[in-house]
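**Student:** The residues making up each chain are set out below.
Protein chains: 4
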Amino acid sequence: MKYAFNTWCYSSFPVWVPAYPIEEVIKRLSGIGYDGIEIGCAAPHAWPYYLNAEKRKEIKELLDKYNIKASSMLPAPGGGPGANPASSITEERNWTVQHYKDVVDLASDLGTPTVLYVAGWYIYGTSQQDAWKYSVDSLTEIAEYAKKKNITICVEPTSSDSNLVQTADDALNMMEQAGQSNIGVMFDTFHVLYRNEVPSDYVYTMGKNLKHIHLSDYNRLAPGQGGMDFLPVMQALKDIDFDGYVTMEVGFSSRSTHPDSVARLSLEHLKGLEKQLK
Amino acid sequence: MKYAFNTWCYSSFPVWVPAYPIEEVIKRLSGIGYDGIEIGCAAPHAWPYYLNAEKRKEIKELLDKYNIKASSMLPAPGGGPGANPASSITEERNWTVQHYKDVVDLASDLGTPTVLYVAGWYIYGTSQQDAWKYSVDSLTEIAEYAKKKNITICVEPTSSDSNLVQTADDALNMMEQAGQSNIGVMFDTFHVLYRNEVPSDYVYTMGKNLKHIHLSDYNRLAPGQGGMDFLPVMQALKDIDFDGYVTMEVGFSSRSTHPDSVARLSLEHLKGLEKQLK
Amino acid sequence: MKYAFNTWCYSSFPVWVPAYPIEEVIKRLSGIGYDGIEIGCAAPHAWPYYLNAEKRKEIKELLDKYNIKASSMLPAPGGGPGANPASSITEERNWTVQHYKDVVDLASDLGTPTVLYVAGWYIYGTSQQDAWKYSVDSLTEIAEYAKKKNITICVEPTSSDSNLVQTADDALNMMEQAGQSNIGVMFDTFHVLYRNEVPSDYVYTMGKNLKHIHLSDYNRLAPGQGGMDFLPVMQALKDIDFDGYVTMEVGFSSRSTHPDSVARLSLEHLKGLEKQLK
Amino acid sequence: MKYAFNTWCYSSFPVWVPAYPIEEVIKRLSGIGYDGIEIGCAAPHAWPYYLNAEKRKEIKELLDKYNIKASSMLPAPGGGPGANPASSITEERNWTVQHYKDVVDLASDLGTPTVLYVAGWYIYGTSQQDAWKYSVDSLTEIAEYAKKKNITICVEPTSSDSNLVQTADDALNMMEQAGQSNIGVMFDTFHVLYRNEVPSDYVYTMGKNLKHIHLSDYNRLAPGQGGMDFLPVMQALKDIDFDGYVTMEVGFSSRSTHPDSVARLSLEHLKGLEKQLK
Numbered sequence: 096m097k098y099a100f101n102t103w104c105y106s107s108f109p110v111w112v113p114a115y116p117i118e119e120v121i122k123r124l125s126g127i128g129y130d131g132i133e134i135g136c137a138a139p140h141a142w143p144y145y146l147n148a149e150k151r152k153e154i155k156e157l158l159d160k161y162n163i164k165a166s167s168m169l170p171a172p173g174g175g176p177g178a179n180p181a182s183s184i185t186e187e188r189n190w191t192v193q194h195y196k197d198v199v200d201l202a203s204d205l206g207t208p209t210v211l212y213v214a215g216w217y218i219y220g221t222s223q224q225d226a227w228k229y230s231v232d233s234l235t236e237i238a239e240y241a242k243k244k245n246i247t248i249c250v251e252p253t254s255s256d257s258n259l260v261q262t263a264d265d266a267l268n269m270m271e272q273a274g275q276s277n278i279g280v281m282f283d284t285f286h287v288l289y290r291n292e293v294p295s296d297y298v299y300t301m302g303k304n305l306k307h308i309h310l311s312d313y314n315r316l317a318p319g320q321g322g323m324d325f326l327p328v329m330q331a332l333k334d335i336d337f338d339g340y341v342t343m344e345v346g347f348s349s350r351s352t353h354p355d356s357v358a359r360l361s362l363e364h365l366k367g368l369e370k371q372l373k
Numbered sequence: 096m097k098y099a100f101n102t103w104c105y106s107s108f109p110v111w112v113p114a115y116p117i118e119e120v121i122k123r124l125s126g127i128g129y130d131g132i133e134i135g136c137a138a139p140h141a142w143p144y145y146l147n148a149e150k151r152k153e154i155k156e157l158l159d160k161y162n163i164k165a166s167s168m169l170p171a172p173g174g175g176p177g178a179n180p181a182s183s184i185t186e187e188r189n190w191t192v193q194h195y196k197d198v199v200d201l202a203s204d205l206g207t208p209t210v211l212y213v214a215g216w217y218i219y220g221t222s223q224q225d226a227w228k229y230s231v232d233s234l235t236e237i238a239e240y241a242k243k244k245n246i247t248i249c250v251e252p253t254s255s256d257s258n259l260v261q262t263a264d265d266a267l268n269m270m271e272q273a274g275q276s277n278i279g280v281m282f283d284t285f286h287v288l289y290r291n292e293v294p295s296d297y298v299y300t301m302g303k304n305l306k307h308i309h310l311s312d313y314n315r316l317a318p319g320q321g322g323m324d325f326l327p328v329m330q331a332l333k334d335i336d337f338d339g340y341v342t343m344e345v346g347f348s349s350r351s352t353h354p355d356s357v358a359r360l361s362l363e364h365l366k367g368l369e370k371q372l373k
Numbered sequence: 096m097k098y099a100f101n102t103w104c105y106s107s108f109p110v111w112v113p114a115y116p117i118e119e120v121i122k123r124l125s126g127i128g129y130d131g132i133e134i135g136c137a138a139p140h141a142w143p144y145y146l147n148a149e150k151r152k153e154i155k156e157l158l159d160k161y162n163i164k165a166s167s168m169l170p171a172p173g174g175g176p177g178a179n180p181a182s183s184i185t186e187e188r189n190w191t192v193q194h195y196k197d198v199v200d201l202a203s204d205l206g207t208p209t210v211l212y213v214a215g216w217y218i219y220g221t222s223q224q225d226a227w228k229y230s231v232d233s234l235t236e237i238a239e240y241a242k243k244k245n246i247t248i249c250v251e252p253t254s255s256d257s258n259l260v261q262t263a264d265d266a267l268n269m270m271e272q273a274g275q276s277n278i279g280v281m282f283d284t285f286h287v288l289y290r291n292e293v294p295s296d297y298v299y300t301m302g303k304n305l306k307h308i309h310l311s312d313y314n315r316l317a318p319g320q321g322g323m324d325f326l327p328v329m330q331a332l333k334d335i336d337f338d339g340y341v342t343m344e345v346g347f348s349s350r351s352t353h354p355d356s357v358a359r360l361s362l363e364h365l366k367g368l369e370k371q372l373k
Numbered sequence: 096m097k098y099a100f101n102t103w104c105y106s107s108f109p110v111w112v113p114a115y116p117i118e119e120v121i122k123r124l125s126g127i128g129y130d131g132i133e134i135g136c137a138a139p140h141a142w143p144y145y146l147n148a149e150k151r152k153e154i155k156e157l158l159d160k161y162n163i164k165a166s167s168m169l170p171a172p173g174g175g176p177g178a179n180p181a182s183s184i185t186e187e188r189n190w191t192v193q194h195y196k197d198v199v200d201l202a203s204d205l206g207t208p209t210v211l212y213v214a215g216w217y218i219y220g221t222s223q224q225d226a227w228k229y230s231v232d233s234l235t236e237i238a239e240y241a242k243k244k245n246i247t248i249c250v251e252p253t254s255s256d257s258n259l260v261q262t263a264d265d266a267l268n269m270m271e272q273a274g275q276s277n278i279g280v281m282f283d284t285f286h287v288l289y290r291n292e293v294p295s296d297y298v299y300t301m302g303k304n305l306k307h308i309h310l311s312d313y314n315r316l317a318p319g320q321g322g323m324d325f326l327p328v329m330q331a332l333k334d335i336d337f338d339g340y341v342t343m344e345v346g347f348s349s350r351s352t353h354p355d356s357v358a359r360l361s362l363e364h365l366k367g368l369e370k371q372l373k
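Protein chains in written order, with this note's numbering: chain P, 96 to 373; chain G, 96 to 373; chain F, 96 to 373; chain B, 96 to 373.
The set of hints was computed from the structure by calculation and includes no laboratory data. Please note that the accuracy of each hint is not assured.
Unchecked claim - Below 27 Å or equal to it, Euclidean Cα-Cα: the simulated DSS-like pairs (lysine-lysine) are:
(1) B:LYS160 x B:LYS122
(2) B:LYS228 x B:LYS160
(3) P:LYS228 x G:LYS366
(4) B:LYS242 x B:LYS152
(5) F:LYS97 x P:LYS303
(6) B:LYS150 x P:LYS373
(7) B:LYS196 x P:LYS373
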């Protein structure tokens, strides 16, 4: 198994502090033993418009030096610009699609093979069907752009935060409707727990289309700290020969988090479970 | 007393749903009995770059029709672009200052007299002093711009989320160092409670410089729902002849919020207390 | 407003005791002041196959004598036979459709204008789309049968228990796809709260298609006992000129319930709120 | 010790989701290491009327292939048809007795030696004595039928859900009054805990008549997850040379259950305790 760690809990998104420069995060995660770093595209780490070519080159060199891959990338949903690809506001949709393309460019510059797609949400007065159609159209355009750069777009159900793509089947449906060969699906155990569903089932249901995964215990705690049993989901990943990065997206929703501890405890717990797999 | 309600809990910031169009929010808050609406400058309500002149005119007319004032405005801190005026990243500071100017323009277009200033935060590797200086410089430039439009900038201590301007005295110091006549201070009871300090003390300490206020009970609950005693802070506002808008900034941190209920219960509680003031 | 009370908490479904004969429940609910009784079609009250013509006539006469209407009826989902109209098991779907027809017959015999439709759920190995199609087909056949008896079928989103029709828009979509003039929609505040959504929004979104409603506070407590603010949903019902029965579906999930108390406290709370409506 | 796992938490009874086809459950429980599977006779697993001869043959072959026994079977009490053998409604009693016979047939077809008997409950207006007599009569008829198929009927006290057979002595009395040689007794630790009694005492009291057992921690949690000390009950089972299946009936009362985890953790805990027995 390859392991990666998402940068939110080292950034100022969505909680403002504590936060660390991206250079510091690369060094720390490498030191803790991660193979990959999932980069959230927000300030102060990687808002694309604050990173010129020179800066990108420096980050890439630092990743190489510390022998850690930029394994995946994702925009920061919500916040000022919204970044809702299902928005009924044309200006927001257009900006969001362009922003995803800019994230794809950044991914390409840092050698990142995967960009996550949060399908958006609908607000009072917009119908679920219209929002769905907007999101399929946005996804199609983004994936076509990403295809030229050999980047895979992964659709993620985000039931806890949104209301559009909520289940494994929703994600698979959206993938199919967008109809591009470089679209896959992923899921986050946190959202599956919010729905009172079973994470290992998502692995088998998504099967060969599962290109990425987020692990989180209840309450965004480190795996092993919140009470979820991670053995079945780890076994399921082995059963389907998952070869992506097992990525932690944890610790970022509370100001009292200690990012290095969260990163280390997550990795220790999962490596311990890996030895018990059949 | 004049009362206003902040739009975050009707928007998709920082929690994505439920959310409502700005037009719907104006109608609802007016119906509930508010005198003012504090507009958070984020999608889907008021990200300045999604609102052209025509759209701004429509919102202004709707405000007039429903007899409710756009009493204040604030940017959405955090999220993708950061919007940290104390950032050590030059690109972020520059964008943030320009963004505040754009918010000031929007405020001017909607007849809004007040824009809030969240002074930012420093991250690992930046010193508190440097961040402070960056923020004073940003504030100065923003206030100079706002002065031409007759808009007051209010410095808010945000201890719960950040680490730079944390107390009443921090806010007053920053106000003085920026040295512009159109800068005042404000505070949010939520942040005062986070510091285990006494909200009514802040009123007397800030005194004539207090130009705005946010009321919130513990856990961002509606005043009266979380256990804080609001009588002293209401009495203090009367004692200093506060003539700004008593503004609720509540309900936005939980997905399970029911915005209309939060808005109504807040207002009922405070109007009830108003009758008890000496 | 007309008020009705669902019989589950007086029956042995899904908790087995305490339970009361249907005759007793009719007398008690009439005495408490309800206009209608929503009859759950399970033993010991109204499993259709235990009620011959004579027995049905007796119940109808008792309803008339106590001046209370059998306002609506619903099958008991789950349990031995499943009653899942979206099941991938043909035998279960067929039985379920026939059972709904038998419930429609019982409704007709008791002068009941409305039968609720729980759209079912999909299990591991069945796709969401297949289940959706099965349920639309089942609903279509049931509604065609009910049309001849002048009975309306109401599609209910049941997010807390199932995984197919979860939102207001899901219910509206299913209604439209089945395409029968005697299909409407309804919702239960309990399921809306489970989704962290806003009940009054469901009223406005469903609008003229809203033919029925279930009120329940958090944890299936009586309205007013669990913390939800029912004023907005009551106001919304008045705003859209809702003329159905405001029906409590409460108290049935706990063995420690006291049915008469739950029925009385619910009614008192809502009648109190009714006086505050604009 | 032989261990078995009850299927409720993989079915849609009494909570509708998550649920799995019976074939999937057989494979999973075998993989986890169980010797037996206790089959709840409800949809989607084993509602007898949805399983024709061919389907039963397929399930039997699957059990053989995966080397796991259908160790026991039980009807789904409550739900639409009630299945209350103590009901004062003649139609319900008759249906229930016939249903038990149909369950006995299914048990026979799958090579299952044991069927559980939930003695029912009485509702307001029926006396305890009448209900008791009804249940003894029902049990007698069921046991006579089962005797011809070499199947044992086990009377279970279910204090938490019902009000008729509540204690070890109630179960023994009913067994004796029915007077059939193929009747035994059993108990579920969950119901014993509900009565604030001591599970190991039940083992010694029931002694040689104890033919089956359900283990569950507090709140239907897996043994070891809820705080009950299972060592005494395990020791007692060894002391009386219990040779039935130690069967978990857990996890089914909450939608948030993860069935595979519950099954695995239960087994690990009890096998660990087994090593400590004298």
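**Student:** Now look at each hint and say whether the structure bears it out.
**Tutor:** Each hint tested on the structure:
With a C-alpha separation of about 9 Å, the suggested pair LYS160 (chain B) and LYS122 (chain B) falls inside the 27 Å cut-off, and the hint holds. Restraint check for LYS228 (chain B) and LYS160 (chain B): the C-alpha separation of about 43 Å exceeds 27 Å, so the hint is violated. Among the hinted pairs, LYS228 (chain P) with LYS366 (chain G) is inconsistent with the structure: their alpha-carbon atoms are about 45 Å apart, more than 27 Å. For the suggested pair LYS242 (chain B) and LYS152 (chain B), the alpha carbons sit about 22 Å apart, so the restraint of at most 27 Å is met.
Between LYS97 (chain F) and LYS303 (chain P) the alpha-carbon distance is near 54 Å, which puts this suggested pair outside the 27 Å criterion. At most 27 Å may separate the alpha-carbon atoms for a hinted pair to count; LYS150 (chain B) and LYS373 (chain P) exceed this at roughly 31 Å. Among the hinted pairs, LYS196 (chain B) with LYS373 (chain P) is inconsistent with the structure: their alpha-carbon atoms are about 42 Å apart, more than 27 Å.
The structure fails hints 2, 3, 5, 6 and 7 (numbered hints given earlier, in ascending order).
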